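Top line first, the protein sequences correspond to chains A and B. Each residue of the first sequence is one higher than the one before, counting from 43 in our numbering. Each residue of the second sequence is one higher than the one before, counting from 3 in our numbering.
There's no promise every hint is true.
[Unchecked claim] Computed list of lysine-lysine pairs in DSS-like fashion (alpha-carbon distance at most 30 Å, straight line):
| id | chain 1 | residue 1 | chain 2 | residue 2 |
| --- | --- | --- | --- | --- |
| 1 | B | 619 | A | 167 |
| 2 | B | 788 | B | 630 |
| 3 | B | 153 | A | 94 |
| 4 | B | 619 | A | 94 |
| 5 | A | 89 | B | 630 |
| 6 | B | 274 | B | 335 |
| 7 | B | 186 | B | 12 |
| 8 | B | 153 | A | 89 |
| 9 | B | 655 | B | 723 |
| 10 | A | 168 | B | 619 |
| 11 | B | 655 | B | 788 |
| 12 | B | 154 | B | 267 |
| 13 | B | 392 | B | 335 |
| 14 | B | 335 | B | 655 |
| 15 | B | 718 | B | 274 |
| 16 | B | 335 | B | 233 |
| 17 | B | 267 | A | 89 |
| 18 | A | 94 | B | 274 |
| 19 | B | 392 | B | 655 |
Hint data in this document are derived by calculation from the structure and do not stem from the laboratory. From a predicted model like this one, the values you see are computed outputs, not experimental measurements.
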Amino acid sequence: MEPLPQNGAHLLSPWEPGVLGLAVYAGAALLMLAAILFLTSWLGEHKPGPAKDLPYESGILPTGSPRILYAIPFYLVATFFLIFDVEALYVFSWAVAFNDLGWTGWLQMSVFIAVLFISLIYVWKKGGLDWGPESRE
Amino acid sequence: MGSGIPRINKTSDALLGALDNLFNWAHKNSLWPLFFGLSCCFIEEAAAFTSRYDLARFGSEVLRGSPRQADLLIISGTVFKKAAPMVLRLYEQMSDPKWVISMGSCANSGGMYDVYSVLQGVDQILPVDVYIPGCPPRPEALEEGIILLQKKIGSCERPARPVLHRAGGWEGTTAAILEDGYTKTRDTRGPGFEGIAERGTSLTPPRFWGSRSDLMWTPPTPRIEPTEREKSLADALRERFGDFIRPIEHSVDMPAYDVDGSRIKDVLRYLKTSPEAHFVRLDDVTAIDESARRDRGVTAPEGEGAPSSEHPPDYTLVYHLLSYESASRIRLKVGVRGSDPAAETITDIWPCANWYEREVYDMFGIRFNGHPDLRRILMPPEWQGHPLRKSHVYRATEMAPYTLEDARAMQPLDGRYFVEGADRDDTIILNYGPHHLGTHGVCRFVLALRGEEIVDLGADIGYHHRAAEKIGERQSWHQFIPYTDRIDYMNGVNNNLAYLNSVEKLAGVTVPDRARFIRVMLAEMFRINSHLIWAGTFLHDIGMMGLNFYAFREREQLMDIIELITGGRLHPSFFRIGGVAMDLPDGWREAVDAFVRIFPSRLKEYAQLAERNPIVKARTVGIGVLSKEEAIEWGLTGPNLRACGVEWDLRKKMPYAAYDAFDFEIPTRTAGDCYARYLVRMDELRQSLRIIEQAARNMPPGRHITEDYRYAVPDKRDTLKDIESLIHHFVNVTRGPKMPKGEAYVPGEVARGEQGYYVVSDGMNMAYRMRIRGPDFAHLQAMPRKIIGRPIADFQAMLGSMDFIMPDCDR
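Chain B with its partners taken away, still in its complex shape (with noise of 0.2 Å):
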């Protein structure tokens, strides 16, 4: 005994030991975070490097845009299964020794998504230092996990001798990568529960046993009138298509129409440019997977030819249709059958339906005839299955663990089936994305560059797909309001307000004013807090700082202002179905006051620094131009459809919550180019202002949630007081309510457009089928290509100006 064990040196030791608390002193003191963000946490810890949360106190505010320069992976969001690769890549390259730290709930362990498409804890691939809980986590928060990891690093490393070549020591990340079943569980049950059921199981297709929504009564679906002009187009396509087309009786909000595939075209191309209709513009094109339909008779056997009309269809495809002389909308239907499903494609009558068919045909296995480029768009390339047909596996809990080998052998499809001219010599291939600062999220553009021109472009999306529409299937119609929050995360409660249109419609649902001029008021906050990001990150694209800083220090007030009203920051989940989850506290018209006191002001400071700017102008005059035309034949909306000279915006044309009560303007500009983009937005600014200021001087007293409790999720003190109150309290908390059989599509105007919610309800306590229609899915596919032929700089001012975020696109 002895041998085994070295002699101690009591010097050298002691020398090593102050060598490692320099060389600890040093690595905690200047951490060099990646330029690294995945989703929602990203703002928060944006918002933790500027002034007010000053992360420079701590010696690692420089975020480094390349992973060579960097020591600490900051995981802020969601890990998508497609995006896993490029982290795990990203990792590899950062310099040793490093360290991660993983922000948020999804991070940490798939959060609020157990879905197909999300890796349920970054720590399955990567060794983790510190966790941060919070969905999002504050920048307070964020603060705090860096503080830890210094914590660690001073007292738990020894660096001393790794650096000097001597065996022994450690340094940087040591934690072991985790593996379900060993070192950690993804059971969603927890440790101890084996006994009890899975969740969900009275949600699960097709018997859906357990479910008491059967058992309760709802009053059916309100039903339009169709105006003068509605019922004369009715006549004029019975009297032109015949029998092919069927008007859809009771329809809540709009007139809907069942048409027979063969003739679909005709009619979509009648719709466009017949004077009389002119529905010139394509707002969505999806499908719903009739499988499950609880009223759905017996299927056709097998092998008995080919399947009739009688059959009830297997899909349905849906067409939304936008007029904008009349203000209105229309839906199409069309039924597809068979076990390989196809139909005709539209994009000869409108080039904009090709990446909405490329999503049907990716989730739901629906093949097009004749479309030009018909694969996966979302998925990854070696995806099994359509996770939106009722057969798709739901949770990602259900399915094999993702691992670091799954990590290593999913790779994002070669750059060169994005472009054309790719094997030409003078041709190269740069990949913009995903992990890039130019494009404000994991978005993936490929270029095909000669020189500095660009010469062709293609674009991958998918990399922020989380499967909201499947989850939307499986949440109570109350549970989903908090994944709205998540759709657009910059825009916060004008997600609730676009998916409550829908719910409200469908089910009739009157909003009392107060909720509704609360609603008004809290989402054209949001609005200037989402402009305000985007002019402080554009102008930053384009080399200006400084607007950053400041566009900053007025969205904390905003959030100051938000969170002493409803509580949260990015994520409020505020707005209830018939009103919000409470009244406004004391102290808000005060705090209210003060920002529409002094916003005018600091807008004036914002257009002194950029609009007079030689070197903005020159980047953006002129530059990635659209014309009118092409923003409505590509579905355009909102700023960027504004900036072409468009004046539409549905809080005017086809007003909602109570936007008809107020008095503001449509900004527009005609020139479609970037500097266009950013005037219409500075100008919303003050729209938005006028709109809060009227809202908050005019607030009507009353309730902040509607009497009937039929939906609602009751007032609390209501349900001390009476019985009903309390059994709609706890029916609607717990298995939540029964919506009416129907479907409703009301878009709202969120800050970057039209984003809108089809909801489909089977009669259930949770959604048939949930679409998701947001407006950068139209710019992305639309916007970018038109620099073709530009400098490769003028591309990065385009990408800007769009102001797209992609958990919008990707849903």
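Chain A with its partners taken away, still in its complex shape (with noise of 0.2 Å):
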């Protein structure tokens, strides 16, 4: 193997592109899932009938449709939980480099978090993290 270039490069992981290997794979994969899908669907079972086609709902049919306009408190709760992981991320890439940044590093992770949790507090006591009716009382 060659000596790598000085300049900085080594901090990179030796790779060689290699477009046989890929198309290998991508094709192993895709005749694989062809397989799967081709034999269940083969030999699976196909027993269509009235009732089979509707929805299971205790044994009872269903009144009206379910596409309706559907309050969901989740969303703002899964919103807020999304925001707050994609946060974390920079944590964790800071903890990875924790040695390398040093102080300075822990000084400005400490602002974020701090600035972190606030908001936390403030959606908090805005009551985006109520759940269901009582949030309402």
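Two chains, two frames, a set of hints: combine them into the complex.
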């Protein structure tokens, strides 16, 4: 193997593009998928009937359409979770490079976490985390 | 010749045969039963899945909640005509190939329920692979049924060809649906006996020909002496209402009055609110069809104007009230006349009268003027006639057979008729039951949801209507005892006891001490049993599976004791008029003592599992709260009432059997929420254990059945010694004893609350009217509605904490 150039590229892993390997891998994956899909559809039982096409609702015929305007309190909570989850990514990457970044990095991260914490309290106090009918009482 | 026969290709046949074996091996060892139970049999089915019977050995222990994931349908219980369309749909929605096991006599043939509301064999609408006999079959019997099904799959099915898209081969259920008159007979006399008369002709109103009850003599019913309080109340009533109210002479159990229909509301309001009466609880509202009374004169000819009050009434409405302060009851009777009978509603006095009046309307066709929601409650909406009228058909075998077409045509009412606001864009209607893991029985709730919040709730009951009240009019006084076991199928002999309370009161039978103690001991064992299953399933409902396994372990220990003493498990039918069926066997004391020793430490284990669990508390504390006033107003009984802070237990306040000889307490809580209901039942387990311990320690010597054999089934040994016993044995076992004319209502405290049998005798060998008041009818009417405005998860906690059981609600 040739010696690597000294201009900082040693930080990268020694990787050479190999199209053939990728193609073989992709082909194998596709083939397997196709085989599974084919076998399940060919061997699987297909005995449709009027009752089977109906939704199961405790053995009773459902009332109305399930596609309605639906109030989802979960939506807000899910959004908050996503936001805080993405922020956590930065904390992880900082943890990996903790020794290199030193005290400066620690200080910057502390401010970042403090801001996150304040925003969490803000969301909490505004009632963004309240769940269900109690939130309107 | 020869051209039609396919050429035999030995290689491919051998290959397909090997594949058949492979597929069959896979099928039979991984059956996926649907989580589906109809009645009592399901309790034994559930026991089969627990550690003692360990169905996992056969690869089919995982019950699937949805029919899409299941391929084995175990019909465990009675198939009701109202529930049959649901059963059929579930079967059709299951994935193929699929198999059906019919578990228990009811599913096989209707069993002991040859009555208008029950389908006489599920094989009339579904193909069945394996039938398991028994009522209910033991868990081992279910295991044998599954082994038989595995054998059938392994040796009879050829699935390789259909799977590989070749002609021929078969898999899954290939049995035919049976058709009455062609492939099955519903004739109760059996094949070859067409010459003999139909069963029960001597019991056919109005003539009762062939009945020999009139030739028998009984002493008159005993009579109660009114207390001072009751005397002064009678005076007050006479003073206030004059001729509109008449005391009924010769009452057996409680003061009773005939009230004129025009003043009944005033009388009821007075009794509820006046301080000297204060009958705050409406125990029961029911009716009697008087048309088949044997002393009834000629009825008023048609077209003679309005029926006058001179004629005996066509129907009688009966109200039972209870006063907590004086621990007493009162009965009011109102005559109703005419071919289209009507009465005044009392829903404005007691809101809980709502369902009771609906039931009277459904069963008797008596209308209630001013009722907010008068429609059928138990029977399907398209039902013809009113079943408890004497003119209504009794047996299912007298009616046209229920067929596949009927099951497709008679669909339950659409959900939008049960809730308000169903047409709003943001409201979704959700059917919660009849087939649902959380309803613990075939009961249907309809939820109107806005998001997760429940904005309205309706209940549709009657999917478990086994017509026990109608059966009571056709079975002799003894023959009805096994039917009582199945009223609240978790409570076994507690039902017998509640029934016998009334019958023995009516006939004035004295029960020997030993029999009374045996009764109490067994009744408390069943109370523990019932509470144990409840605790396991309730915690399971809110996400904690653990207790189920422990609860079933202790339950099986109790079941062994019960089996040792009675010979039965779920339905021992062990009590008799005047005592119990037989004396205690050798070794009963050691078995009971072992349980008494071991159970306190087990109770500690349960408490550690649940009571310090923060999730259990978060799901139950402050959820589903009922106030003390609401609990009284809506007629709650049992632990549900005591969890609201009312210290009321019939065993203590109006003792029956031998309960006054025992030392125990009434556990109460004041919070009235799901957690309080849990704690009350847990405390009751300790109290029941105390009672069992005392009963075993102080078990008196003596007879297990009364010496007076007029009403009792005599001890078999006595029949070999004297002719009197032999005669009574012959008469009381065959046509049954005659009961003196009269009526009695003496409820007992079963695990879920107060269950009472209002028995009305017309001096025959069976009841004229058998009214059964179950605690869950009142609970189901009132309690689920307290969860409106809460998220759907709290609804499940509420349902679990109520501890209801459908046969006791629908009867």
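(request) Quick one: which hint numbers does this structure break? Sort them smallest to largest. (result) Of the numbered hints given earlier, those the structure breaks are 4, 5, 7, 9, 12, 15, 17, 18, 19, listed in rising order.
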